[in-house]
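Put chain W on the given structure of chain G with help from the hints.
Residue numbers (the working numbering), protein chains in the order written: chain G, 1 to 322; chain W, 1001 to 1221.
All the pointers check out, no bait thrown in.
Covered stretches of chain W (chain G as the covering partner; in silico rule of three or more C-beta atoms under 8 Å from a C-beta of chain G):
1) 1173-1186
2) 1190-1197
3) 1201-1212
Source of the hints: derived by calculation from the structure; they are not laboratory data. Quantities reported herein were computed from a predicted structural model and do not represent experimental measurements. We treat Cβ as the ideally placed atom computed from N, Cα and C, and that holds for glycine.
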Amino acid sequence: MRAWPRKRHWLGSLLGLSLGWGGLAQAESSGFDCRALGDPPPPETPAAWFERSLWANHCYLFEARAVRISGEGVRALTLIHQVEDGLQREVAHYLDGPPQTYERLGRVGRGGWAEAGSEVPASPDAIMAHLDDYYRLRLAGDERVAGREAQRLDVEPLDAMRYGQRLWLDRDTGLPLKQELLDVEGRVLETFQLTELERPRLYEGRVRLDTLREPPPETWRPGWLPPGYVAQPVVTTSSLHGERVGHRVYSDGLSSLSLFVEPLTEEHPSLAPGLHRLGISYAAVHHRELGGRPMQVVALGEVPPRVLLQVVERLQWQSEEP
Amino acid sequence: MKQNTRESLSTLMDDEGDDLELRRVLKSLEAEPEAADTWRRYHLARSAMRREREVTSDIDLSAGILARLEGEPAPGRAVETPRRGLFSWAGRAAVAAGVSLAVITGVQVYNQGEMGPEMAASEAPAEARPAASSTARPSLVDLPLFQGQGGIRAAGSPLMTVGAESPWLAPNSRQSQRNDQQQALILQSYLDRHAQGSAYRSGDAWMPLLRASGNEWQGQR
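The following block holds chain G by itself, in its conformation from the complex (with noise of 0.2 Å):
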């Protein structure tokens, strides 16, 4: 499988969907230079604010509070925001309940894995390449949020394989201030505001992309995937996983779901194959025989459940033809 298209088709698409915003300079190896964003003209179309609040996360140095509304009720947050020698690391600590704290350092992701021949994009070109395959955008006027002036943004999914979003973004900067997401029925599943929005300040020069990653070697692959899910090129670690536990993130650049494929052993606990629900997010488990061995598949995203159980009852071991 492929992770993602050549660089001449994403081109392609992503300037028709900006030609409304006249020309972001788009990122090169050497990173994304902010300093685009400085001065620009304001998004027209959907798809023009939209790519703009994703560079806009990147490049905005701030202080934030916000509030989380998910099954769990209202909880409260700072925010922080940096980015220093190109490199970015954000901070997010809970006011309320137990004091955790989650620290992101990073760069600006790529589009996929490396590949022989291909550019791989960075992400948010990656993401607008294909935007409009599987969602509708659509402005959808001006609302007040943490006191600023903010253009609410519809995203609807155009297949019942993925949820759909509302955005408010900032006028200014174009910052995410208010985020929803909605299940296929348009309920909302977890709402994410800012409440207030300290001095955010343009980084004045270029954010770093990642490296190029090559895929680490893999026995499984997935059979089938929602149309427009692509192999994200991340690797993530877990002191109780190890080793043991394959892991693959796939995204259509909006909704996400991973892949885990383990063997099953007398020492490790597992999961009940079924469906399982933690928060909003649900996990399809089965445990079945791959390449000899008793294995347990579990797909797990914030995607409606029946495509995690076609996932994971498709995923195919390398010896088997597709």
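Here is chain W on its own, set in the frame of chain G:
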């Protein structure tokens, strides 16, 4: 109960445990029913204290929980030897149902909040609908490791009556409760890695990040 198990429990209670501690406790829950009971009591006690301080109207509820605890069977009678083996407790359902996706009879939910068991049943995929019997599992937020006030909330919530699984009463239920805790913890480890992976792509970084437990967060340099 072994001294090191007791120390591990204390460490986790203070939110200072690492993954080694967690694994040690998970193992001890399987092997030492007494440790599981101690763990639960620690958390119930802490829950009661926190709840009283934060929401005074819940004092009666806390008292109700404590009263239930007093009437609970002694730990010694609750021993049910956990079966070991490749397809042990986790695999029994699969074997019974023919080890295929036909076993899916509903959603095992580890979250209550706004989305109750009824809703989970209605969300079961169409192909699983005929046998849909969503089990009301305790929420992750109701599990002691993650928050202290869960036990009280569970007991006070009308949602628990649907599942008819009062976790404090019968030995079988306690075993089931332990399994649920273990399942939720395992599930969280997969969700943590999924969250790490989902936050890699551009856009929507905060929401995936905050779905993780925060135990193992890291970016990709």
